[in-house]
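Here is what each chain is made of, one letter per residue.
There are 2 protein chains.
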Amino acid sequence: MSDGTAEIRVRPLTGLPEVLPGDDLASALAALAPLAEGDILAVSQKVVSKQEGRIVSLDEVVPGPRAAKVAVELDRDPRLVELILSESVNVVRTDAARGILITETHHGFICANAGIDSSNVPGSNAVVLLPRDPDGSARRLRAGIGEACGVRPGVVISDSFGRAWRLGQAEVAIGCAGINPLDDWRGRTDSEGRELAATVIATADQIAGAADLGRDKTSRTPAVLIQGLGHLVTQNDGPGCRDQIRPAHEDLFR
Amino acid sequence: MSDGTAEIRVRPLTGLPEVLPGDDLASALAALAPLAEGDILAVSQKVVSKQEGRIVSLDEVVPGPRAAKVAVELDRDPRLVELILSESVNVVRTDAARGILITETHHGFICANAGIDSSNVPGSNAVVLLPRDPDGSARRLRAGIGEACGVRPGVVISDSFGRAWRLGQAEVAIGCAGINPLDDWRGRTDSEGRELAATVIATADQIAGAADLGRDKTSRTPAVLIQGLGHLVTQNDGPGCRDQIRPAHEDLFR
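Here the protein sequences line up with chains H and C, keeping their order.
Those letters in the first sequence? Residues 12 to 265, by our numbering.
Those letters in the second sequence? Residues 12 to 265, by our numbering.
For the record, the hints were derived by calculation from the structure and aren't laboratory data.
Fair warning: this is a prediction, and the values are worked out from it, not measured in the lab.
Cβ coordinates follow ideal geometry from the N, Cα and C atoms, glycine included.
Accuracy of the hints is not assured; some may be wrong.
Claimed, not checked - The calculated label-pair distances, taken between Cβ atoms and stated as ranges, are:
| hint | chain 1 | residue 1 | chain 2 | residue 2 | range |
| --- | --- | --- | --- | --- | --- |
| 1 | C | E261 | H | S97 | 40 to 48 Å |
| 2 | H | D34 | C | D106 | 40 to 48 Å |
| 3 | C | D106 | H | R197 | 14 to 22 Å |
Claimed, not checked - Residues from chain H that face chain C, not an exhaustive set, calculated with beta carbons under 8 Å:
| hint | residue |
| --- | --- |
| 4 | A17 |
| 5 | L96 |
| 6 | R143 |
| 7 | E182 |
| 8 | I212 |
| 9 | A213 |
| 10 | Q217 |
| 11 | G220 |
| 12 | L224 |
| 13 | G225 |
| 14 | Q246 |
| 15 | P250 |
As the list claims (entries may be wrong) - Output of the computed footprint for chain H on chain C, the stretches with three or more beta carbons under 8 Å from beta carbons of chain H:
| hint | region |
| --- | --- |
| 16 | 53 to 62 |
| 17 | 162 to 176 |
| 18 | 179 to 193 |
| 19 | 213 to 227 |
| 20 | 252 to 260 |
All chains should be built: construct the whole structure from the sequences, respecting the hints.
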């Protein structure tokens, strides 16, 4: 009785070489697998950041007085705190006992450590910052892949963020192109003909999460191919993930 | 260059008849598709609630004084507010201007309206409450499916919740059996041999989100089959989703 036409396939793509700043990441991604119209490529933030040169050695960071103060309070490396604050517009929460620093990044994301990460980075003391403009990164990758292979897939750039209320990190979309981050069903009707009350679906985040299920955290599988969601892929690049940031005045949890 | 062995397949299963209280839901689910060891079945909360008789007509609800007061403040139906409060242990946030009522349910979930929903419910004024014990529901479904077809799949019961900071609803797991809701990678090492800092992955939630991508919100596709994640399916039912509720004293956003 199943509807075989609607199957979604999620396939981690291996074989991407270590990415260096300035590499042609779009061509490298396009070479991983044959792409078809309607495909979506989920790319991990880290590989995009590396390509964009968003790697900083803590040895080169001089903490300012504010970072030094916060670092003492949280018992954290003042150089890392300096970077976190410089990537942020706001400190949202701190927890001195656990050394937690949750900020609002200049993109508008609310996450621990402004999304700065030190795992899977070659070189001691090197850390990776989020791309400056992840939606722009997604648009550039989409265009570059289109030039390389003739197909412009939907592109989602993702990272794993912690959440309020629930343990564990979930992969979320921080940039996208060619898919709408939100699928708005308001105004449509349910199976009883009643209007759906408030259903806006976080499509890009769910794609990021689905992609992550296939990924081995210890290996280099920075790209995951999602097939079967062609109805979500748009001709235009669309608004990007910036569109799914909850405006501060509507957010009850800042 | 892709690793074809790791493909995940997500397939919405159609053909489930309208579910009534007391129906043999496990057998009905087992009949939707042939199941194999390592399969995961994601089942929408609403169909489980219906089977468990968690449907209430607002016409039968008499609001108490507290509900009456909150209902006036929020300009909401006092009967629905009575139900929301009776399903909750705590009011977490209200927003009078937008009629928002976010509570902590007796399960420990933090969500709008205690997860009570009125879409896709037959009968005017009928609303559906969350299952009393969604992990127990998942375990019963798993056992029943095992009896019906000889295979005990991983079972995830899911609902769509709003989130802090990000617009849109994402499908999350509210109950599970046969999969661990959290995949703990702490202590393992990254590709450079360094210990992974703090990576606990919200596996059950990501499965719920992946399943939702294949679901048409206006039709009855309450079950989604996920194949290719057999390494996440356990012999034991495991701790259930209760295990992924962030303890209140560790939660910075209540």
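Structure-based check of all given hints:
1. C/E261 with H/S97: 40 to 48 Å: violated (28 Å)
2. H/D34 with C/D106: 40 to 48 Å: holds (47 Å)
3. C/D106 with H/R197: 14 to 22 Å: Holds, at about 18 Å.
4. A17: Hint on H/A17: holds, closest Cβ of chain C at ~5 Å, below 8 Å.
5. L96: violated (18 Å)
6. R143: This hint is violated: H/R143 lies away from chain C, its Cβ roughly 20 Å from the closest one there, beyond 8 Å.
7. E182: holds (7 Å)
8. I212: Result: holds, 6 Å to nearest chain C Cβ.
9. A213: Hint on H/A213: holds, closest Cβ of chain C at ~3 Å, below 8 Å.
10. Q217: holds (4 Å)
11. G220: holds (4 Å)
12. L224: holds (5 Å)
13. G225: holds (5 Å)
14. Q246: Violated. Min distance 20 Å.
15. P250: violated (11 Å)
16. 53 to 62: Since three or more residues must qualify, the claim that chain H covers the region 53 to 62 of chain C is violated, with 0 doing so at under 8 Å.
17. 162 to 176: holds (count 4)
18. 179 to 193: n = 7 at 8 Å, threshold three: holds.
19. 213 to 227: Coverage by chain H holds here, the residue count being 10 at a Cβ distance below 8 Å.
20. 252 to 260: holds (count 4)
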